[in-house]
Amino acid sequence: MSEFFDPYNADRPLMMKCSCGRDHSVADHHAEVAADSAAIELRRRSESAEFEAYSNEFIEATLVKALFPHDEERRRFLRAVGKGTAMAAIASVLPVASMQAMAQEKQGALEKTDLKIGFIPITCATPLIMAHPLGFYQKQGLNVSVTKTAGWALVRDKMINKEYDASHFLSPMPLAISMGLGSNATPMNVATIQNINGQAITLALKHKDNRDPKNWKGFKFGIPFDYSMHNFLLRYYLAENGLNPDTDVQLRVIPPAEMVANLRAGNIDGFLGPDPFNQRAVFDEVGFIHVLTKDLWNGHPCCAFGTSTEFIQKNPNTFAALYRAVLTAAAMARQPKNRELIAKVIAPSQYLNQPEAVLNQVLSGKFADGLGKIQNVPDRADFDPMPWQSMAVWMLTQMKRWGYVKGDVNYQQIAEKVFLITDARKHMKDLGIEFKAGPTYAKHTIMGKEFDPAKADAYLKSFPISKV
Amino acid sequence: MKTTSLNLRAAVVSLLIFACFIGAWQLATSGPSIGGSSAGMTAEEIEYAKMMGKDPGTEKSSGFPPPIEVARASWAHLSDPFYDKGPNDKGIGIQLAHSLGRVGLGFLLAMVVALPMGFLIGMSPLMQKAFNPFVQVLKPISPLAWMPLALYTLKDSDVSGIFVIFICSIWPMLINTAFGVAGVKREWLNVASTLEVNPLRKAFQVILPAAAPTILTGMRISMGIAWLVIVAAEMLVGGTGIGYFVWNEWNNLSLTNVIFAVLLIGVVGMLLDLVFAQLQKAVTYVE
Numbered sequence: 024m025s026e027f028f029d030p031y032n033a034d035r036p037l038m039m040k041c042s043c044g045r046d047h048s049v050a051d052h053h054a055e056v057a058a059d060s061a062a063i064e065l066r067r068r069s070e071s072a073e074f075e076a077y078s079n080e081f082i083e084a085t086l087v088k089a090l091f092p093h094d095e096e097r098r099r100f101l102r103a104v105g106k107g108t109a110m111a112a113i114a115s116v117l118p119v120a121s122m123q124a125m126a127q128e129k130q131g132a133l134e135k136t137d138l139k140i141g142f143i144p145i146t147c148a149t150p151l152i153m154a155h156p157l158g159f160y161q162k163q164g165l166n167v168s169v170t171k172t173a174g175w176a177l178v179r180d181k182m183i184n185k186e187y188d189a190s191h192f193l194s195p196m197p198l199a200i201s202m203g204l205g206s207n208a209t210p211m212n213v214a215t216i217q218n219i220n221g222q223a224i225t226l227a228l229k230h231k232d233n234r235d236p237k238n239w240k241g242f243k244f245g246i247p248f249d250y251s252m253h254n255f256l257l258r259y260y261l262a263e264n265g266l267n268p269d270t271d272v273q274l275r276v277i278p279p280a281e282m283v284a285n286l287r288a289g290n291i292d293g294f295l296g297p298d299p300f301n302q303r304a305v306f307d308e309v310g311f312i313h314v315l316t317k318d319l320w321n322g323h324p325c326c327a328f329g330t331s332t333e334f335i336q337k338n339p340n341t342f343a344a345l346y347r348a349v350l351t352a353a354a355m356a357r358q359p360k361n362r363e364l365i366a367k368v369i370a371p372s373q374y375l376n377q378p379e380a381v382l383n384q385v386l387s388g389k390f391a392d393g394l395g396k397i398q399n400v401p402d403r404a405d406f407d408p409m410p411w412q413s414m415a416v417w418m419l420t421q422m423k424r425w426g427y428v429k430g431d432v433n434y435q436q437i438a439e440k441v442f443l444i445t446d447a448r449k450h451m452k453d454l455g456i457e458f459k460a461g462p463t464y465a466k467h468t469i470m471g472k473e474f475d476p477a478k479a480d481a482y483l484k485s486f487p488i489s490k491v
Numbered sequence: 036m037k038t039t040s041l042n043l044r045a046a047v048v049s050l051l052i053f054a055c056f057i058g059a060w061q062l063a064t065s066g067p068s069i070g071g072s073s074a075g076m077t078a079e080e081i082e083y084a085k086m087m088g089k090d091p092g093t094e095k096s097s098g099f100p101p102p103i104e105v106a107r108a109s110w111a112h113l114s115d116p117f118y119d120k121g122p123n124d125k126g127i128g129i130q131l132a133h134s135l136g137r138v139g140l141g142f143l144l145a146m147v148v149a150l151p152m153g154f155l156i157g158m159s160p161l162m163q164k165a166f167n168p169f170v171q172v173l174k175p176i177s178p179l180a181w182m183p184l185a186l187y188t189l190k191d192s193d194v195s196g197i198f199v200i201f202i203c204s205i206w207p208m209l210i211n212t213a214f215g216v217a218g219v220k221r222e223w224l225n226v227a228s229t230l231e232v233n234p235l236r237k238a239f240q241v242i243l244p245a246a247a248p249t250i251l252t253g254m255r256i257s258m259g260i261a262w263l264v265i266v267a268a269e270m271l272v273g274g275t276g277i278g279y280f281v282w283n284e285w286n287n288l289s290l291t292n293v294i295f296a297v298l299l300i301g302v303v304g305m306l307l308d309l310v311f312a313q314l315q316k317a318v319t320y321v322e
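In the order they appear, the protein sequences are chains G and P. In this text, residue positions in the first sequence follow the numbering used here: the first is 24, and each later residue adds one. In this text, residue positions in the second sequence follow the numbering used here: the first is 36, and each later residue adds one.
Just chain G, same shape as in the assembly:
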């Protein structure tokens, strides 16, 4: 109780309430002050010339990477036209045009300044959320309210209903919504990926001596949503280990918080879920982290930031401003030195409503694994906003693999429509800037196997366990 009343301490005032005058405990007050000062410190860092240079470079690098996913091609282009022309060309064609210039010149009036953005309270949404307390939206002239949403199905419905202007998505969701899977077909776009990695397979403590997936027949697993990387990665992992995810185990759609409660109750054996709930299961001593998804596919996308195609068409300048704010936040979240403060900023109840200790372990990558060991994986969660279309193709192959999509799928067409890298290539051609167009698709290595988006169907047919 000494934390509340400390009558014999000469250095502390004896008050029945917090010395700030508000009616909350001293501990609450400290937490609040810590969050505020962390936000102030981060804001200060974001205003430093160093960060601005870094952030501008980051954003430009993201865009250039979008245009030229192959390094060789980029070099060839630069050698052919020179840096100055290249920069001018990029600046002139991107809908999210040269961020640097736009940030200062404020070209184009904003069509809409009061925006509502939805998010699900998980660490994947970090850039989207932190842009709010750090004032990144405001700096772009936007008055954004970020609204916590009760579930993914509701995010989908509120985007279709236009209650939200933009939202946090699971990255396969915009593909599914655009294709009309589980909803009316409404064209959606992924503007940026929010986070890469950052998920894990968590198992109940009773399975700590049963770590071989081959013995997991009959297990029950939680996943947050059908159209999620969580579902696809878990299915992939199980199938690689010889289990058919449709017949050998049970996969249940459960909201993340309930995954921990179900794990405690013994209703499920494990889950592949978003953080902080993997770490929360460890913190609450009900589970351990079996494997980080980073070890299945290092750099895999998870959640995304997107909006409807209609919104972008109606409000191109607003969209560009929003895009800049989120990218700036992603640039900040990428730097490991900021992570501890970010954990403080997003922990309060209006955002994630989680213990800061848990968030800090997720974001810093130095965490207790639930088996008595401290692991140090700095890239456990990272924030790389690049929406590779090849990633979309991979998701589509998995949707087809598990029977979510039937018949022929034009992978590249859908991927290019939804995963908005930019229409830059087309615009460049219109401007008469010639460059050899190679595929805008990168290859990925997933569980030791190479995925070449150009040969998606062959990849799909190479799996022994599949519905195709």
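Bear in mind the hints are in silico, worked out from the structure with no lab data behind them. A couple of the hints might just be wrong.
Claimed, not checked - Simulated crosslink set (BS3-like; lysine-lysine; CA at most 25 Å straight-line):
#, chain 1, residue 1, chain 2, residue 2
1, G, Lys231, P, Lys89
2, G, Lys243, G, Lys229
3, P, Lys190, G, Lys337
4, G, Lys185, G, Lys337
5, G, Lys139, P, Lys120
6, G, Lys360, P, Lys85
7, P, Lys85, G, Lys367
8, P, Lys120, G, Lys135
Using the hints, position chain P against chain G.
Below, chain P without anything else, positioned relative to chain G:
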């Protein structure tokens, strides 16, 4: 004299039951406190313990919270009920106001539809037979089942919440109104027709007062259901309200706050019921 002593004794027994309940709760939840000393631990073990929230010297609340903790959380919530920190964090008073507003609106709409329809059905045996299958089919549908349909068709989560209250609280009012109207004594109606009272006057001066107690019983049941439904609806739709508060704390795995909310929901439900009990008393008459 006798009744006061009975009341007094009942109060004493109530208090005793309450004390026993709290005592049992306290006993059941007072496990050994986690934390303890760090003696004999390696540096890594100490760091691990800290990561698990077991910083030596501090207490970590895990498991079911004891009553004192709930009391403390309740006090914290109740002492600052109207703070507003953006759309996701509002004081409990504001949340309750949102819930009550939704319930009030949905209930009012239900009343506007149910009372006239109840009159119609109650006064005409034909209508009663014709409507009966629909009422029987629609009555048992859970609010959660209505929600996706409402969201899809109404395209607004707030309106959907109100619609769900409406659709779930309409049935008891409708059935009770019909029942009350149908049960008005034949002699009274006969007297009315003998006096050649016009139909409007008959409805308002004969049937309504006669059926009022039954109608109010229906309204009372409906209000109970509406309050029951709002929590489920708001947990699903999110945004604001006491249901959202429960969902948010469930997301935080904070049983303490959930228990506080559950108690509060109970108390508000009781108050709402009391209001209708008073109204019922006011319209009841002794023959």
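Taking the hints in turn, this is what the structure says about them:
1. G/Lys231 x P/Lys89: Holds. G/Lys231 to P/Lys89 sits at ~21 Å (cutoff 25 Å).
2. G/Lys243 x G/Lys229: Given that 25 Å is the threshold and the Cα spacing comes to 14 Å, the pair holds.
3. P/Lys190 x G/Lys337: Roughly 20 Å separates the two Cα atoms, so the pair holds.
4. G/Lys185 x G/Lys337: It holds: about 13 Å lies between the C-alpha atoms, which stays within 25 Å.
5. G/Lys139 x P/Lys120: holds (16 Å)
6. G/Lys360 x P/Lys85: holds (21 Å)
7. P/Lys85 x G/Lys367: holds (17 Å)
8. P/Lys120 x G/Lys135: holds (24 Å)
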